[in-house]
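Add chain E with the ligands to chain C, keeping to what the hints say.
The primary structure of each chain is shown beneath.
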Amino acid sequence: MLLIACPFCGPRDETEFRCGGESHIARPGPAETVSDERWGDYLFNRANPKGVHLERWLHGHGCGQWFNVARDTVSHRVLAVYRMGDPPPKDLTP
Amino acid sequence: MGYSFLRLAREALRDHTGWRPAWRDAEPKPRYDVVVIGGGGHGLATAYYLARNHGARNVAVVEKGWIGGGNTGRNTTVIRSNYYFPSSAELYDLSLRLYENLGVDLNYNVMVSQRGFLFLAHAPLQLEMYNRIVNALLVNGIDAELLSSDEVFRRAPLLNRAMRWPVVGGFTQPRAGIARHDAVAWGYARAADRLGVDIVQHCEVTGLRQAGGRITAVETTRGTIEAGAVAIVVAGHSSVLAAMAGLRLPVTSYALQAMVSEPVKPILDTVVNSPATGVYVSQSDKGELVFGGGLDLYPSYAQRGNLPVVEHVIAGLIEMFPAFAQLRLMRKWAGIVDVVHDSSPILGPTPVDGLYINCGWGTGGFKAIPAGGWLTAHCIATGGHHALSAPFDLGRFATGALVDEAAAAGIAH
Ligand SMILES: Cc1cc2nc3c(=O)[nH]c(=O)nc-3n(C[C@H](O)[C@H](O)[C@H](O)COP(=O)(O)OP(=O)(O)OC[C@H]3O[C@@H](n4cnc5c(N)ncnc54)[C@H](O)[C@@H]3O)c2cc1C
Ligand SMILES: [Zn+2]
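As they're listed, the protein sequences go chains C and E.
Per this note's numbering, the very first residue in the first sequence carries number 459; after that it's consecutive.
Per this note's numbering, the very first residue in the second sequence carries number 2; after that it's consecutive.
Among the clues, some could well be false.
Claimed, not checked - Derived pair list, reagent style DSBU-like, types lysine-lysine, alpha-carbon separation capped at 30 angstroms:
#1 E/Lys333 x C/Lys508
#2 E/Lys287 x E/Lys333
#3 E/Lys266 x E/Lys287
#4 E/Lys65 x C/Lys508
#5 E/Lys333 x E/Lys266
#6 E/Lys333 x E/Lys65
What the hints assert, rightly or not - Covered, in the sense of this in silico footprint (three residues per stretch, anywhere, with C-beta under 8 angstroms from a C-beta of chain E), are these stretches of chain C:
#7 473-483
#8 500-506
#9 530-541
To be clear, the hints were calculated from the coordinates, so they are not data collected in a lab.
In this text, all values refer to a predicted model and were calculated from it rather than measured experimentally.
All C-beta atoms in this analysis are idealised placements derived from N, C-alpha and C, irrespective of residue type, glycine included.
In isolation and in its complexed conformation, chain C is listed as follows (with noise of 0.2 angstroms):
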């Protein structure tokens, strides 16, 4: 079972997130430049790392907030929790 800390509510079950996958994915364009392979991959491919993987929750059973979590997805560790639109934190950038 997770214990993840909401940056709003504080540390909660696993049960009251859910996981919203990669994090600080950019939307290509504009749309006229981006070739078809581009567009694809911005849409469906992943790094799905065996490690550190940075990705978004929400806190959908509680504040109803997206936010960022560093988590290994081999431990499943959490390493960090940080708000949205904020950059990962240093040491844990791929």
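Then chain E with the ligands, alone, in the frame of chain C:
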């Protein structure tokens, strides 16, 4: 030597002293025509069909652990072909047809048991959707039958008649069923070995070498192996291997859990699945109830799941079959599955010459092992696609021609 009734009788008379290992635990050679990475069902079947269908004689399967130790040995063994789109129906039904004859083909008892797969409907609208699916299946040439609630209870008498959302009907694919997971891995391994395939265990691929856009070798924990062609067939580790070739994949790895109860006398002779409770269950030939549900919904390479999903699955199971509450749980485990946005596999060549991929089966690729191996072998041997694999090319994520089984068949993977 082949397995037969006579052989069994002879070994019984001499205290079973004549059995030999079913395959050689090979040392890696410096070079192969084809190196298949991953000794799960799909990798072993790929090697077998390369040798059997295409006459390849210099093939290795390299496996970081032991064969069948990944998802193939962790899955709940349901085989079926009730998919919605024609391209999926053709793929999965080729697989089911190959399964139907696999024991004879491999001279290995893979214990295929076509006991039917029963989907439950808990609301009239759900039954209407099943009506639509059954019609689509019949149009695709797949066997399927719509069932009234009486017929459902006749097939699964222990099913709860007083569910909070009672069963109003269902549908079944009669040719669906289960097979023995380990036997599928071992049967393919033995048959491939007899055709000269080297099965190299405890050999982890750590790098992929290229020269001029072409794959040339795999680096492993047991040295570098040169290769004419390489196939990545590693399920949950597909993104990790693809990254070694500089490729990104539309794959996310999740833990999928399953569990078994203590063994009991025969009480359930079909596979039952309720999309509403999110639970499916069958009884193994040993008597254990084998059951599971949905994914642990955050990316994971941990090969173990968390308790909230276990609680959810068991609650659903007991709602469906209250009698099962008396049973003790024996084991639970997880495998790391490779989930793709359209819930369809990725099969065929990659942008790197000589590099092929077979992945994206997610929570449902055991049923596809014979077809996945057959088609991957075809792609490697011909350098192109088979008509049945073409719709599942990696390129569909740039063209947008997805095979969106998640939305169409209502299957959660
Ligand atoms: C709990 C559970 C229940 C399931 N139930 C069903 C079901 O009822 N029906 C169904 O059809 N499907 C089911 N599935 C899905 C099915 O198990 C898989 O889709 C299928 O087994 C995939 O086979 P594979 O050969 O591609 O992968 P695997 O069997 O996982 O084999 C991949 C192999 O690659 C190896 N490998 C990884 N990295 C490396 C490396 N760097 N070097 C060398 N080797 C490497 C791994 O060790 C592994 O042995 C289930 C899965 C799980 C986890
Ligand atoms: Zn909160």
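**OP:** Could you work out which earlier hints the structure fails to respect and list their numbers in ascending sequence?
**Re:** none
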